[in-house]
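Please model the entire structure based on the sequences and the hints provided.
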Amino acid sequence: MRIFGIIPPPSREEHLRARIWAAGGLAALALIMLMLLIGSPPPEEADLAPPALRTARLAAFQSDVGACRAAIAGAGYATAPAPDVRDGRRCGYENAVELTQSAHAYSAPLVTTCAAAAALILWERDVVAPAAERHLGQAVSRIVLAGPAYSCRPIAGRGDGRMSEHASANAVDIGGFTLADGTSISVERGWRGTPSERAFLRAVRDGACDRFAVVLSPDYNRAHRDHLHFDLSPYEVCD
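Residue numbering for the sequence shown follows this note's numbering, beginning at 1 and increasing consecutively.
Hints listed in this document are in silico derivations from the structure and should not be mistaken for laboratory results. Yeah, the Cβ is synthetic: ideal placement off N, Cα and C, and Gly gets one too. Certain hints may be false.
Unchecked claim - Computed spacing ranges between beta-carbons, pair by pair: (1) Pro-83 with Gly-137: 40 to 50 Å; (2) Asp-84 with Ser-233: 29 to 39 Å; (3) Asn-95 with Ser-184: 17 to 27 Å; (4) Asn-221 with Ala-73: 33 to 43 Å.
Quick look at the structure:
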């Protein structure tokens with residue numbers, strides 16, 4: 001039952017408690033506003049910022065090579081500038097980089113656009129390494145390339161003559177992996193190999209789809225029966 005009447009003034013103790021609650025609320029509000037202003041990277045990325053090497057920045061790295069190389073260096077890896085290539089009217093590249101220090105060794109020198117190099121590092125670090133431990137019980141010691149990143153050619157199997165992303169060094173083909181104990185896992189044999197090989201190769205394929213725009217595997221067509229194709233084209237395909 002509500003009783004209407006004159007409400008007595010708060011006691012001294014109640015007034016003091018109200019002031020303490022108000023002060024605490026203002027302090028909490030100030031702390032929240034400060035965090036919003038300065039930002040706070042997640043703990044797993046704190047050691048990479050600034051500048052952070054994150055998937056969300058790959059689009060910006062396509063046009064800002066300086067920021068791309070700084071982010072790669074800030075994450076503990078290294079690139080070197082690669083000479084520009086002019087190869088006819090439809091092929092070549094400029095402002096590419098050679099990935100000189102990555103999470104894994106490669107079977108051959110790797111020259112790509114800087115954004116593609118950054119995507120590879122993210123894929124190696126966040127996908128390949130944990131997938132190898134989870135499915136194979138050991139680390140990957142080397143990644144085997146299925147050919148050079150740059151190749152002046154159209155997309156295989158197309159009749160319209162559209163050029164491959166390889167024609168601008170914006171693509172990478174992965175042929176397989178060498179494990180710490182020397183075991184080799186190729187895409188061609190391992191795609192239908194042992195259960196652990198199959199699980200590992202599909203995990204690294206699926207994880208690449210979050211870093212690259214186009215990811216093609218033996219599931220896509222016979223032209224990719226022996227390698228995984230990654231690129232940063234304007235299109236999106238994951239198969």
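Here is what the structure says about each hint:
At roughly 42 Å, the beta carbons of Pro-83 and Gly-137 sit within the given window of 40 to 50 Å. Our hint of 29 to 39 Å for Asp-84 and Ser-233 is violated, since their Cβ atoms are close to 20 Å apart. Separated by about 34 Å at the C-beta atoms, Asn-95 and Ser-184 break the suggested range of 17 to 27 Å. Restraint check, Asn-221 to Ala-73: a C-beta distance of roughly 38 Å satisfies the suggested window 33 to 43 Å.
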